Amino acid sequence: MKPILEVKNMTMDFGGLRAIDNLDLFIDKGEIVALIGPNGAGKTTFFNCITGIYTPTSGDVFIDPDGDGKKERINNLKPNLVTRRGLARTFQNIRLFSSMTVLENVMIGCHAVTKAGILGAIFRGPSTKAEENLIVEKSYNILEKIGLAKYVNELAVNLPYGAQRRLEIARAMATEPFLLLLDEPAAGMNPQETLELDALIMKLRDNEGISILLIEHDMKLVMSLSERIYVVDYGKKIGEGTPEDIRSNPVVIKAYLGEEIEEDA
Amino acid sequence: MDFHITYMADDSHNRRDESRFKNIYLLRLSYKTGSRTGLNMDLEYFSQLFFGGLTRGSIYALIALGYTMVYGIIELINFAHGEIYMIGAFTALIVSSVLTLFGMPVLAVVVLAGMAAVVYSCSYGYTMEKIAYKPLRNAPRLSALISAIGMSLFLQNYVLLAQTSDFLPFPSLIPDFEFWEPYAHILTSPELVILITTVVVMILLTFLIKFTKIGKAMRATSQDKMMASLLGINVDRVISVTFVVGSATAAIGGILIASHIGQINFYMGFIAGIKAFVAAVLGGIGSIPGAVLGSLVLGWTESFFTGYISSDYEDVFAFLFLVLILIFRPSGILGRSQAQKV
Amino acid sequence: MTVKNELIKSILASIWFMFLTFPIMVIKVNTVTDTVEWRWYNMAVVGIGSFFISMLWRYLIRKKEEGSKKEKKDTVGPVQRILQDKKYFLPGIGAALLFTIFFPHIFSMYQTNIMISALIYVMLGLGLNIVIGLAGLLDLGYVAFFAVGAYSYALLNLHYGVTFWIALPLGGLIAAFFGIILGYPVLRLRGDYLAIVTLGFGEIIRLVLENWNEFSFGPSGIANIPKPGFFGFELSLQATTTFTFYIIVLLVLFTIFVINRLQNSRIGRAWSALKDDEVACQAMGIDKAKTKLRAFALGATWAGMGGVVFAAKTTFINPASFTIWESVIILCTVVLGGMGSIAGVMCGALLLILLPEYLRDFGEFRMITFGTVLVLMMVFRPGGIIENVRNTYKFEKSSQS
Numbered sequence: 001m002k003p004i005l006e007v008k009n010m011t012m013d014f015g016g017l018r019a020i021d022n023l024d025l026f027i028d029k030g031e032i033v034a035l036i037g038p039n040g041a042g043k044t045t046f047f048n049c050i051t052g053i054y055t056p057t058s059g060d061v062f063i064d065p066d067g068d069g070k071k072e073r074i075n076n077l078k079p080n081l082v083t084r085r086g087l088a089r090t091f092q093n094i095r096l097f098s099s100m101t102v103l104e105n106v107m108i109g110c111h112a113v114t115k116a117g118i119l120g121a122i123f124r125g126p127s128t129k130a131e132e133n134l135i136v137e138k139s140y141n142i143l144e145k146i147g148l149a150k151y152v153n154e155l156a157v158n159l160p161y162g163a164q165r166r167l168e169i170a171r172a173m174a175t176e177p178f179l180l181l182l183d184e185p186a187a188g189m190n191p192q193e194t195l196e197l198d199a200l201i202m203k204l205r206d207n208e209g210i211s212i213l214l215i216e217h218d219m220k221l222v223m224s225l226s227e228r229i230y231v232v233d234y235g236k237k238i239g240e241g242t243p244e245d246i247r248s249n250p251v252v253i254k255a256y257l258g259e260e261i262e263e264d265a
Numbered sequence: 001m002d003f004h005i006t007y008m009a010d011d012s013h014n015r016r017d018e019s020r021f022k023n024i025y026l027l028r029l030s031y032k033t034g035s036r037t038g039l040n041m042d043l044e045y046f047s048q049l050f051f052g053g054l055t056r057g058s059i060y061a062l063i064a065l066g067y068t069m070v071y072g073i074i075e076l077i078n079f080a081h082g083e084i085y086m087i088g089a090f091t092a093l094i095v096s097s098v099l100t101l102f103g104m105p106v107l108a109v110v111v112l113a114g115m116a117a118v119v120y121s122c123s124y125g126y127t128m129e130k131i132a133y134k135p136l137r138n139a140p141r142l143s144a145l146i147s148a149i150g151m152s153l154f155l156q157n158y159v160l161l162a163q164t165s166d167f168l169p170f171p172s173l174i175p176d177f178e179f180w181e182p183y184a185h186i187l188t189s190p191e192l193v194i195l196i197t198t199v200v201v202m203i204l205l206t207f208l209i210k211f212t213k214i215g216k217a218m219r220a221t222s223q224d225k226m227m228a229s230l231l232g233i234n235v236d237r238v239i240s241v242t243f244v245v246g247s248a249t250a251a252i253g254g255i256l257i258a259s260h261i262g263q264i265n266f267y268m269g270f271i272a273g274i275k276a277f278v279a280a281v282l283g284g285i286g287s288i289p290g291a292v293l294g295s296l297v298l299g300w301t302e303s304f305f306t307g308y309i310s311s312d313y314e315d316v317f318a319f320l321f322l323v324l325i326l327i328f329r330p331s332g333i334l335g336r337s338q339a340q341k342v
Numbered sequence: 001m002t003v004k005n006e007l008i009k010s011i012l013a014s015i016w017f018m019f020l021t022f023p024i025m026v027i028k029v030n031t032v033t034d035t036v037e038w039r040w041y042n043m044a045v046v047g048i049g050s051f052f053i054s055m056l057w058r059y060l061i062r063k064k065e066e067g068s069k070k071e072k073k074d075t076v077g078p079v080q081r082i083l084q085d086k087k088y089f090l091p092g093i094g095a096a097l098l099f100t101i102f103f104p105h106i107f108s109m110y111q112t113n114i115m116i117s118a119l120i121y122v123m124l125g126l127g128l129n130i131v132i133g134l135a136g137l138l139d140l141g142y143v144a145f146f147a148v149g150a151y152s153y154a155l156l157n158l159h160y161g162v163t164f165w166i167a168l169p170l171g172g173l174i175a176a177f178f179g180i181i182l183g184y185p186v187l188r189l190r191g192d193y194l195a196i197v198t199l200g201f202g203e204i205i206r207l208v209l210e211n212w213n214e215f216s217f218g219p220s221g222i223a224n225i226p227k228p229g230f231f232g233f234e235l236s237l238q239a240t241t242t243f244t245f246y247i248i249v250l251l252v253l254f255t256i257f258v259i260n261r262l263q264n265s266r267i268g269r270a271w272s273a274l275k276d277d278e279v280a281c282q283a284m285g286i287d288k289a290k291t292k293l294r295a296f297a298l299g300a301t302w303a304g305m306g307g308v309v310f311a312a313k314t315t316f317i318n319p320a321s322f323t324i325w326e327s328v329i330i331l332c333t334v335v336l337g338g339m340g341s342i343a344g345v346m347c348g349a350l351l352l353i354l355l356p357e358y359l360r361d362f363g364e365f366r367m368i369t370f371g372t373v374l375v376l377m378m379v380f381r382p383g384g385i386i387e388n389v390r391n392t393y394k395f396e397k398s399s400q401s
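Residue numbers (UniProt numbering), protein chains in the order written: chain A, 1 to 265; chain B, 1 to 342; chain C, 1 to 401.
Check before you lean on any hint, since a few could be wrong.
BS3-like cross-link-like pairs, simulated, lysine-lysine; straight-line CA separation at most 27 Å [as the list claims (entries may be wrong)]:
| hint | chain 1 | residue 1 | chain 2 | residue 2 |
| --- | --- | --- | --- | --- |
| 1 | A | Lys129 | C | Lys394 |
| 2 | C | Lys9 | A | Lys129 |
| 3 | C | Lys63 | B | Lys225 |
| 4 | B | Lys130 | C | Lys63 |
| 5 | C | Lys9 | B | Lys130 |
| 6 | C | Lys394 | A | Lys150 |
One side of the interface only, derived from the structure: several residues of chain C facing chain B at Cβ under 10 Å [said to hold, decoys possible]:
| hint | residue |
| --- | --- |
| 7 | Arg188 |
| 8 | Val197 |
| 9 | Asn211 |
| 10 | Cys332 |
Keep in mind that the hints were calculated from the coordinates and are not lab data.
Note that the coordinates shown come from a computational prediction; the quantities given were computed from them, not determined experimentally.
Built from N, CA and C at the ideal position, the CB exists for glycine as well.
The task is simple: from the sequences and hints, build the whole structure.
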């Protein structure tokens, strides 16, 4: 089996600042992988580079949705085209469409996989109508799955914080991704909500077959969910492996806890 | 009977646009062309254009400073800024006429009218901010911009209704200096005064921003409003001061230009404002040296364009310039480009 | 205690505004006779007026702040409720339609002509609403497309004898083409830069029309543009006016139909999302450039068609009809009515165009009122008279709480 996402030697410079330094990463089909590291380590920048918001200074990003070895390089694609190829993401600082309802937010996610144009919208022929019904139905189903069905017609801004985070996931799901990139999905959630999120992410992987790469600071969630973990600091990969490996990796511990255990390293 | 009188062509619109308004919006440079035969004449013509452009650029700079300072602090294009400049010119005219009729000596009239113009422009700038922008501090930027457009429309028509829609002759406050006579064919005395005033204003402003407490507060506020207020800076006050300082420089520009051109009307602020805005963007909006540099570049290009190519399309050229800058270098010559935080 | 405070604040405001307006409102110098006219009366008006207005102002600001503190407010106002209620909605529409159909027969030709102008503005407002209200792109050069439409018809007719009916779609298409030409380079610009560039574009078009005499006949404009023809019949002036009225009514209805369809479509939702958050929008697979261009082109199409009707109606056009202030008036109708709301924009346009027309004395205060309206609406009711409400969906199995 070939990896579905493969990042090779990625480097990202902002002026003189090197935010990502020669990073390698891969994800296999059906994996849940976590990317952890101290604040400012370059994790979100990494997401932005993969999803086309930034263009990496050097290195390659390949995707291979079917895992059959037919790789596609997606470095220079615009964000919307990356999404269309099946990479969906959520945002650390929630970016919902605040003037729209919950359902409409998810319906926007269907944009990538539907195609009615201006003329279709004006004349609303049978195919447009069918597509429109499909969008509504699909969006509602996703909301039910994510447990937000009771909010359908509420404005997205009026939702409780935890629900907004889940709505971001719902919206990303609607783009029919093979890989979901979650940027701190549990940030600001209470323990109960985090538990539910844990179950939800598991469910997405097990039932929908979606692979997941997540950035997270909640170590309990990371350890319980992920099969493999990458640790970055100052843009460099400093550790990689199973949760057990990471827990006992002295370099990682040093990066997280500081200098006092230097002599152990 | 004529039934074709409609809204879109009625006289209140024509009033603004008849071609007699053309090129009097801001500056009419009187080129003493003569017979341009020899190299000397060409050189003289060139230097006239050069200094004409410099004067023009200085005026733009005085207005552009207000734009750039306000934008630097609250990220608002203060559409009504040109109107402040117009109000400065009107106040100067009214006050100086009244004082002259009272029989005051010329020097006293000039000083008092200038002071009145600055005081009133500042007051208008201050009040405008309190009414049209402060309540919108947390609203979407589009709202504040629309409010600014409304303010501009209001102030123009306020002056139109309270005063007149006609052009008013403006006395030449600046005399022709005798000592400058030998150089006057290249740079006239009023132009000289404009240049000197601009330089003095720039120096004062730089001093204010670099070395005073309020200047430091302004810089802090423009970096991060929230943080500045947490550190005990009264952000509202800083914003008010910014409007007041910007208005003062605009008023000085208004008086200088009005006395240079010799006439004013309620509409003079609009094109001047837009061009100053072009200059501010060209230099990099939010940057004070940028505003000055952008103004000079715009002044020169306009001057040479009209002098060597065509004066018909002068304003088209300015707008085209703006469009091109925004497309190819939206951050301007000295501006810092900001990456959006995701 | 608070009453006393209020009074003091109002008195201070009153004094401040008397000071502020003193030179411009009170003194008027007659430069010909060298006399000064002191209009103290104005000062009294300003003083008393600002006393009460400042009270009202502070009251409204307080109310607004209290309103925003409430967690969930009822966003559905009485007007929407009527609009949504089928019981009132259908008879209301019927009555409005009947009134419109008989309008040219009930009222004089003069009134009909005014109504035509107002309806042209309704169309322009609805067109601009696509760009501003739906897609959130502040376009201050909208009138340029109106000019393009009007000049397309005038020039095509002059040189090639193109008739109104062919010019109507053609004018729309040419304007759409201009919309794309303008839209393409400005795609990357942020909201307020976009506003200024579009403003510049509008002025460029007007200045070119004014200066390029060989092409557009300069400031003197183009006269004798034919009115819309009716299958080759010669119509009386009265009949032509009535006919033009029906044409514009049909065009407005067509516009409403199209915008309504667009609003609740995949494209409309993409616009709405783009307005809320460009980054997230792209992350949802929406092509930012294409979506913006569509809005520009569609908005321009309506302006272009409006321009053709305008040229045909007035039979004379010159650049003076296409100043930046026309753009501002159209913007004003959209803002006053309610960005994004079809009914709102129509109300806004009719109010703003018809009111000054019927209040004759009011005429000279028109522009100052527009300015005031823009500021007040932004401060107190950014959503407009009739706020846009989002489409809701019903689900049988929905477990709505």
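Hint by hint, where does the structure go against what was stated? Just the numbers, ascending. 2
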